[in-house]
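Enquirer: Below, each chain spelled out in residue letters.
2 protein chains.
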Amino acid sequence: MNKYLQTDPWCIIEEGFHPNKQLVSESIFSLGNGHIGQRANFEEYYSGETMLGSYIAGIYFPERAERGNWKNGYSDANDKIVNAPNWTGISVRLNDDRLDLAEWDVQNFRRVLNMREGFLERTFEAISSKGHRIQVSVKRFLSMAETEIGAISYSVKSLNYEGRISFLPLIDGDVKNKHTNYNEQFWNMLQTKTQQDVSHIWVQTRRMDFHVCGALTYVLYKNNEQLKVNPTKIEKEKVAGFSVGTDVRIGDTVCLNKYVAIISSLNHPREELTERACNLALAAKEKGWNQLFEEHSAVWAEKWLQSDIIIDSDLEAQQAIRFSIFQLNQTYNGDDSRLNISPKGFTGEKYAGATRWDTEATCIPFYLCTSPQNVAKNLLLYRFRHLPKAIQNAQKFGFINGAALFPIATFNGVESYNEWETTFEEVHRNGIIAFAISNYIRYTGDENYLAEAGLKVLIGISRFWAQRVNLSYEKKKFVILGVTGPNTYENNVNNNWFTNYIAVWTLQYTIECVEKVKQSNFRAFEDLSQDINFANDEIFLWKDIIENMYLPENKKLGIILQQDGFLDKTLTNAAEIPETQRPINQHWTWDRILRSSFIKQADVVQGLYFFEENFDKDTIRKNFEFYEPLTVHESSLSPCIHSIVASAVGNKQKAYELYLRTARLDLDDYNNDVADGLHITSMAGTWLTIVQGFGGMRVKDGKLHFNPQIPEKWNAFAFNILFRGNQLNIRVEKQKVILHNIKGEGIDLYVNAKIIHIKAESQVEFVI
Amino acid sequence: MNKYLQTDPWCIIEEGFHPNKQLVSESIFSLGNGHIGQRANFEEYYSGETMLGSYIAGIYFPERAERGNWKNGYSDANDKIVNAPNWTGISVRLNDDRLDLAEWDVQNFRRVLNMREGFLERTFEAISSKGHRIQVSVKRFLSMAETEIGAISYSVKSLNYEGRISFLPLIDGDVKNKHTNYNEQFWNMLQTKTQQDVSHIWVQTRRMDFHVCGALTYVLYKNNEQLKVNPTKIEKEKVAGFSVGTDVRIGDTVCLNKYVAIISSLNHPREELTERACNLALAAKEKGWNQLFEEHSAVWAEKWLQSDIIIDSDLEAQQAIRFSIFQLNQTYNGDDSRLNISPKGFTGEKYAGATRWDTEATCIPFYLCTSPQNVAKNLLLYRFRHLPKAIQNAQKFGFINGAALFPIATFNGVESYNEWETTFEEVHRNGIIAFAISNYIRYTGDENYLAEAGLKVLIGISRFWAQRVNLSYEKKKFVILGVTGPNTYENNVNNNWFTNYIAVWTLQYTIECVEKVKQSNFRAFEDLSQDINFANDEIFLWKDIIENMYLPENKKLGIILQQDGFLDKTLTNAAEIPETQRPINQHWTWDRILRSSFIKQADVVQGLYFFEENFDKDTIRKNFEFYEPLTVHESSLSPCIHSIVASAVGNKQKAYELYLRTARLDLDDYNNDVADGLHITSMAGTWLTIVQGFGGMRVKDGKLHFNPQIPEKWNAFAFNILFRGNQLNIRVEKQKVILHNIKGEGIDLYVNAKIIHIKAESQVEFVI
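Chains A and B, in that order, are what the protein sequence lines are. By the count of my numbering, the first sequence reaches residue 815 at its end, each step adding exactly one. By the count of my numbering, the second sequence reaches residue 815 at its end, each step adding exactly one.
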């Protein structure tokens, strides 16, 4: 626990400057708008510890692959997110005295991330070694309305200084990745140019030929009056911008508003990039700060209406859940199916910024409930677009006939991660990608998606499973050998139950979907069958596998077995691991972790969470009680799932205890790793813990169900969800639930298995 | 198969120049004397493809470790053999016409490795673009008698040239490793100096502080008469030597004899290195070529007396087995317990030149039978010297109380290889190191070795096994989880039979040895117990493990199981793999290999080979017949073991077929990898195939046993062995065995279980 921030319902607040926490703050106070992400680096020069981070969604670089112990099938390039030109820089000088918070005395420092309106504000006083004293106020946002625009308002008031104050608003292409490649440079400079009003740099990734152009313009004010200035143009090899200034007297305030456009060849023709960027920056200036900000904060207002959670009487929990919702909405806005959500979002470079199965496991349920339908759908289409590459990928592994294996980590559908036990063996990702399709259809009812895209993906994955199983010589059952399951503290195991189960489930669900499409849209089915050479015969084998798949269990203990041989371990509870040896992945050698009984993250429990309808509550409880004590939750995706299942089996205390492990993971830097970036995808898990866990929300047969329970510490909690045209607010109090149908038609839903009708724009109370 | 060399009983011969095979030839024609190794690089300048390789035993460099997917417990440095200054260079000029076989016309090229006397000879005619024609003859050797001395005689006869011929005998420190580290340089130059008669370079490894000095001197002859010349001294930053020459007429022969000393700080004080090297080189010159060579070839004569094998009527087999014996004796001579045998010896840089368990599995039996006792003993002492580091290594893995885990690859006892499934999980190496001790004592009868060193190693290893097992929750037996067995086409398996069995065997053998030392030398036992804090209580647990270890088997099939779950595989014979997909490790992804039934190398069969006395022949046969068809033998250490077991179960045809896969592996470059170096350790396996396989040699209760059988293609074969003071020659013919007691007392031995007495220096025939 590393708590240094203030608690507040809508804001994250750092009171007083914590230079030793600067890397952590840079992560936590990050801004983003789904297209651009920016760590909370200072605008002005800073000689202290910092990790610059400006990222553009969809722009990546094929890193030199590690060739240590090379295996056939490894990808040639490990794609990684690339640090883009830094658009935030505004150097500040009092004559030749350059502002630098690492060198100047800093007083009354306050940094605020305003989550309601989506901006970052910083105020402080600073005194230089020469005794110059200024009061500074900086505000910035990345527009959610115009996602190629960022704006910064940098205001300096002289407290004792008389003389010239200059600003250097810059855009800087001399950037490197932190987790870098032997100091490799990722960008070619194509142009840096500064005209009278606008300055830009145009760069190109050294491989992949992504082009990016950043353009900036500005307005300078003195005591709220706009100044006409004659700027010095800056046009260096890798940096472009201006130097502008004015003379001040004590008490004067000078303010520079910087308007930046960042655009890329993802969305614009390369040859028009510079012109468009400059025009966009100038148009933003023309529009002006206030209107830009109003449009931006209006988007946030709508987001909060759709997704806010209120926790009554627990301010820390309130702040934390809003932080999660805020960061998720900053990371992905669902308007582009080429984009996705990396575990760290745009807040750092760990996990290379690539997409993993976190998206399907936790993020899709979040966006399904809190955003218009197209948002989750675009996440599904992301995988659909990658289907041809997933088929190519499976071919590398020896699979044929359109079998698809999606990569463990990717930007463009090509595998970007090389570690055999992960890349080759964590094949359950394929099942989770299939499960997300069912999740989407279950929630939205949008069965058209199957014919449109989903069924092709399901068939590709089913074909993979049908070839990935083999008939056991000894068991005379189908088995799946040599996998790494969701619990990655096991490698290369046989018959991981989760994997075997989700394989069978995929086959079953695909057969159902084949029937559905056949019946609802025979023409589409015929076309699809011809397109991917699908024949009904395939289903015979699938049915054989469904009926004869081996699923490990121990009848005596009444539990599912995580994998073959699990009970050969010495069963030790995680509670017995000495504090000094935690987390075990930082203290133990890998072989010791592998042969221990300690489970990194939900595995059997993950399966019971996904497929709870197929198991009776007693089975779920027994397995939860068996596996939870063995689980060390050294993945941030784990406690949330365990918490939801604990709620489902009525273990309220455990549910809350596990919720606490996920709720403030980043704000309190539990694992000492926030400097590397935030755990964006596990934030969706936190949201699920409240809505599916405490709220007990499920969808069955097209209807919403709630089985709410409230943690003892809380007086009430409420969450907003979107469901098939209805905007709902569910408020859970100690004794009752208040269901508010904010927008949409009347709706039938279930609370504790009792059906309730809520008329349009009205609310119903239900005693619990 | 890439046959381009001539067949000959005592020589390896390349007729005609094969520049496209130069890398292969450089490996095959390598010279070594156990202390220095040298690939067959040309002396003169060569602009064609070449891989320079001069290696000094015991000198290594900590390479930058690959940090790809880092695991706790990985070694900081991957030690690797380092390419040492090249001592062979003799540049040859006809005025300004520099001899270069890549540029000149080459005729009548012939390269011969004379194995009987241990030298490399090369003769050819070469014509320059100017039409200058010369006849060249070069001979070189690395003295087996004075292991710091190398000598080269370089002779040039003018066929049509009149003018000056110059030689530049050099020693060159500007060398790099081929499998290198981002062009890292390994050597600091401390001094290059050329005096009147002798020239030297003195270098230091950039880490580890190994010092090496190479000194050279020379004599120049014209038409067999020594010339007095006034050399030009060469003394560059990294190169030292001379330029000498003389005028010739057509028919004249000029010859330069180069005498080199290579010494290192392993054996000499750093401050005396240059003086000693120069004196050694001068002393060699003083001694003269003929005497140096006589002393050298006398050592070879003795080696051949001890270790030769004759194969009658199969010239290819004859050549190949001598090549194996020759290379093994070039690689290790057993006079220094700090040295060992790397899989590639001194013929390349693959496997980094580090010691692996190949030494214990195949090399020790070879040296035991063909060299004085101290040679194998020094290989054991190598591990004994590393015991403290093996204990530290085990501590990294969480083991306590003096448990020892020897590294998978090492120079100095520290792990030098980082791959978790190998480094952390191939723990059977520990058992094989214990087994080698028993092998040594069984063969030599030298039980004193236990108190001297062996018992400490055995106890360290037994302590490891006692902690590495765990009691299975389900089986109520001891199990060993998460290992990679000898068959490395499986990773992280549970209960690899070989590992479980050798663990039990180690414990049992250690208990026996504790008793032996206690009885034979109680004082030593007391001292040792105190020294390593050994208490008799430990044995109680060991006995419990011995009695209650789980050993996987399938009673229905009557076979031992390679590991838990082996029979979940689809059992497919290796014969069914299409040729285009072989070797599978070059065509299949790792996951596919892992879940296949294909076995890389002897695993259960390796165990049955080691412990055949504990199994009836029917069990061995059944298991051999089960596993052999599944085995792809993609390790060079595999077919030899299968061949021996095939002989033991009377499957003569299979035994010979498998022998053929190992016999000419390098000479015919079966796997297209000889350019990287020779398979030195598997050469010992080839030797075993003949002596233990066809010869059926075993030692039981201190007596030699033979169960000879002869491949159909052969008329006879004969091998020499040393056994407890006797020098024996065993000749196996179609109908009889002739046993010759060449040196030593009378001896009792068994042929086909019948006892035979052979008087001193006499022979006995035995009809079979």
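Bear in mind the hints are in silico, worked out from the structure with no lab data behind them. Incorrect hints may have been included.
Treat identical chains as interchangeable: a pair holds within one or across any two.
Unchecked claim - Calculated pairs, BS3-like style, for lysine-lysine (alpha carbon to alpha carbon, straight line, at most 30 Å):
id : residue 1 : residue 2
1  : K118      : K68
2  : K436      : K664
3  : K602      : K522
4  : K50       : K590
5  : K503      : K269
6  : K186      : K750
7  : K701      : K118
8  : K280      : K334
Enquirer: Now look at each hint and say whether the structure bears it out.
Expert: Hint check results:
1. Taking CA atoms no more than 30 Å apart as the test, K118 paired with K68 passes between copies only; the shortest distance there is 27 Å, against 40 Å inside one copy.
2. Proximity of K436 and K664 under a CA criterion of 30 Å is satisfied in neither setting, with 40 Å inside one chain copy and 53 Å between copies.
3. In this homomeric assembly, K602 and K522 come within 30 Å of each other (Cα to Cα) both inside a single copy, at 17 Å, and across copies, at 15 Å.
4. With identical chains, the CA atoms of K50 and K590 are never at most 30 Å apart, being 54 Å at best within one copy and 53 Å at best between copies.
5. Taking identical chains as interchangeable, the C-alpha atoms of K503 and K269 are never at most 30 Å apart, the minima being 61 Å within one chain and 84 Å between chains.
6. In this assembly of identical chains, K186 and K750 lie within 30 Å of each other by CA distance neither inside one copy nor across copies; the values are 44 Å within and 91 Å between.
7. In this assembly of identical chains, K701 and K118 lie within 30 Å of each other by CA distance neither inside one copy nor across copies; the values are 43 Å within and 32 Å between.
8. Taking the shortest alpha-carbon separations for K280 and K334, only the intra-copy value of 24 Å comes in at or below 30 Å, while the best inter-copy value is 81 Å.
Going down the numbered hints, you'll see the structure goes against 2, 4, 5, 6, 7, while the others check out.
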